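Novice: One-letter residues, chain by chain:
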Amino acid sequence: MRAAGLDIGSRTIELVVVQGVPGKVVSSAQVETTPEVAADCRRLLDGSSFDRLVVTGYGRALAEVQFDAASVTEIKALARGAHALCPGCRTVLDIGGQDTKAIALDGSGKATRFEMNDRCAAGAGRFLEIVAKALDYDLSAFGAAALKGSARVQLSSMCAVFAESEVIGLMTRGRKREDIARAAHDAILRRTLPMLDRVAVEPPIIFAGGAARSPCLAVMLEERLGHSVFIPEDPQMVGALGAALIGVEGPARETGREPAERLGLH
Amino acid sequence: MSKKKDYTAMWKDLGIDLAAHDGLLEVLSSAYGEVFLSQSDRPKGLGYFDLLVSEIHGRRIEELLEAKKRGGKVFGVFCLYVPEEIILAADSVCVGLCAGADVGTQHAEQVLPRNTCALIKSFVGFKLARVCPYFETCDLLIGETTCDGKKKAYEIFGDFQETFVMEVPHTKSAQAQVLWRSEIQRLTNKIEEISGKEITAGNLSESVKTVNAKRRALQRLSALRRARPSPISGRDALLINQVQFYDDPVRFTEKLNALCAELTERVAEGTGVAPAAAPRIVVSGCPMAAPNWKVPFLVEKNGATIVAEESCVGERGTRNLVAEDGETRDDLLDRIADRYLQVDCACFTPNTERLDHVVEMARDYEADGVVHYALQFCAPYTIEAYKVQKALERENVPLLKLETDYSMEDAAQLDTRVQAFLEMLE
Chain U
365 MRAAGLDIGS
375 RTIELVVVQG
385 VPGKVVSSAQ
395 VETTPEVAAD
405 CRRLLDGSSF
415 DRLVVTGYGR
425 ALAEVQFDAA
435 SVTEIKALAR
445 GAHALCPGCR
455 TVLDIGGQDT
465 KAIALDGSGK
475 ATRFEMNDRC
485 AAGAGRFLEI
495 VAKALDYDLS
505 AFGAAALKGS
515 ARVQLSSMCA
525 VFAESEVIGL
535 MTRGRKREDI
545 ARAAHDAILR
555 RTLPMLDRVA
565 VEPPIIFAGG
575 AARSPCLAVM
585 LEERLGHSVF
595 IPEDPQMVGA
605 LGAALIGVEG
615 PARETGREPA
625 ERLGLH
Chain Z
8 MSKKKDYTAM
18 WKDLGIDLAA
28 HDGLLEVLSS
38 AYGEVFLSQS
48 DRPKGLGYFD
58 LLVSEIHGRR
68 IEELLEAKKR
78 GGKVFGVFCL
88 YVPEEIILAA
98 DSVCVGLCAG
108 ADVGTQHAEQ
118 VLPRNTCALI
128 KSFVGFKLAR
138 VCPYFETCDL
148 LIGETTCDGK
158 KKAYEIFGDF
168 QETFVMEVPH
178 TKSAQAQVLW
188 RSEIQRLTNK
198 IEEISGKEIT
208 AGNLSESVKT
218 VNAKRRALQR
228 LSALRRARPS
238 PISGRDALLI
248 NQVQFYDDPV
258 RFTEKLNALC
268 AELTERVAEG
278 TGVAPAAAPR
288 IVVSGCPMAA
298 PNWKVPFLVE
308 KNGATIVAEE
318 SCVGERGTRN
328 LVAEDGETRD
338 DLLDRIADRY
348 LQVDCACFTP
358 NTERLDHVVE
368 MARDYEADGV
378 VHYALQFCAP
388 YTIEAYKVQK
398 ALERENVPLL
408 KLETDYSMED
418 AAQLDTRVQA
428 FLEMLE
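Here the protein sequences come in this chain order: U and Z. First residue of the first sequence? That's 365 in the numbering used here, and the numbers climb one at a time after it. First residue of the second sequence? That's 8 in the numbering used here, and the numbers climb one at a time after it.
Just so you know, the hints here were simulated from the structure itself, not pulled from any lab data. These numbers were taken from a predicted model, which means no experiment stands behind them.
DSS-like, lysine-lysine: derived pairs with alpha carbons at most 27 Å apart:
no., chain 1, residue 1, chain 2, residue 2
1, Z, 179, Z, 159
2, Z, 12, Z, 51
3, Z, 197, Z, 216
4, U, 474, Z, 397
5, U, 474, Z, 408
6, Z, 204, Z, 76
7, Z, 408, Z, 394
8, Z, 394, U, 474
9, Z, 179, Z, 216
Produce the entire structure from the sequences given, and follow the hints as far as they go.
Specialist: Pasting the structure below:
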């Protein structure tokens, strides 16, 4: 049995193909999300062979219909993927493009509680991208600069749009770029830590999603939590891996859910 | 749908904005088809309620106007704390007003801050956009000092339509009971003044029986939903709880009892709306005024069945009856005051009755989980959610907390949360 997991996020789409139980990774790939989501998925799936497809991420309802696939939520997929990468994992933090998720696990890859940010992308990866752009950093340099910054500046706005004007205001007042970069990372943490507290943080902790690539966030997170944090080699693949593993482990249970197109959501 | 009577002239006489109103009815009719009529194997007795909804701005308004011609008055209310019994005793009609749709928001935001809960914006919006024939039929609106938002909004609302505001205390102390009893008296006097009818022990005793019969029928519906599988969907049961605020109470009771007889047979046959193994959910929190069907629709579309509502539009409004043993008018008003102060709205402090009741409902309805539904900017319910969570944690009942409004902008995010919650219950 070979299963593919497809994680359709707001910024990127990931594909992981696994073979057999316990699930050996055969291939993985990533593309950026464009307005033509179905075409993006097709591009990624072309050339891969598998017996079963499980989709997750915000685009799952679309893919469920387009590719006649089973679907699971990001929460379930992340929990399963995290357990595979970090056996016995108890806490997942995933900071993606527009969502932040904190998930408590039971130690066997099953979610027991979760928290997600409300509505807008405040405190999610998109916020970091916008602030980096306002400061004229590329993403890799942004985290490195923030590590060098001091904690003298605070960014009070969580809204990405307002933060951009706040950043410009700080620059005109002569604040250092590194300090503002650090403040942006700190703002994300101020938003994220209460979510982690609400699900109750227990080690081992895994940090996933595009924002886990930031060296600064990982360091600050470990400092604040007082625990070491495991960052997978490819933190954006955790959801797709989880979906693929759920695929090889058996058909999704009949949930009685009505077809996605009837939900009127997409 | 069969060709319906044309009510344009009636709406025009009431001062309704016809174009906006047509748009509203169109949206409602399509939502109704999607949320309700698309369900398979619905109980036949729901036919009456479907008809009632399709005529909610038509025939039902005509009936109110006929009642007015016969000398009755129409009183509009926004909340469970206004005793319907006193209105009925004055040979008048009580209607619960529309506050469950994203309608007239632009109008409402001319007078209210943006960060006002959707329910308050909605009732102000319905009035200012002139799309609710109920408002325009009312002789008096009766508000209440439940939350700060409503309290202050009624001050503004009073500029557009006469509004009588009852003072609802925020504790259940002995002094609060005295205050509340005096407010019941003040309301009685006001209703007598507007209706020109004397409220007596005789007509009050009759109306207490009428409203108790209605609540008993609603309690019977609730009890039937304890069956596994439930013989009726949560959406349909919510709808019945919503339309009880509009319909004639005697007719409603008769039709609901007929439906309950049918549901009793379904339970005996084991006929349900979902497989017996489908997750059973209790919804707890803010009122879901018609036509607010957003969260129940998402929950049930994802394969779960809602088996009860711990809500103003649900058990909070139906579980208590007025004692029928009063002999004098004052006795009866005492009983009414006692009953209405038992309603456990989050505007009270402390509100332990509600916490106990949520736990009790989760147990009695064999719920797999509770969905706590709160409107954004509703301080009482969003804050009390913490206490609800703690109470349910002690009983190991899983809880999903949702905070939302009437717009569809967060539908996809809510869908993810609901699905993830149901996955956790598997």
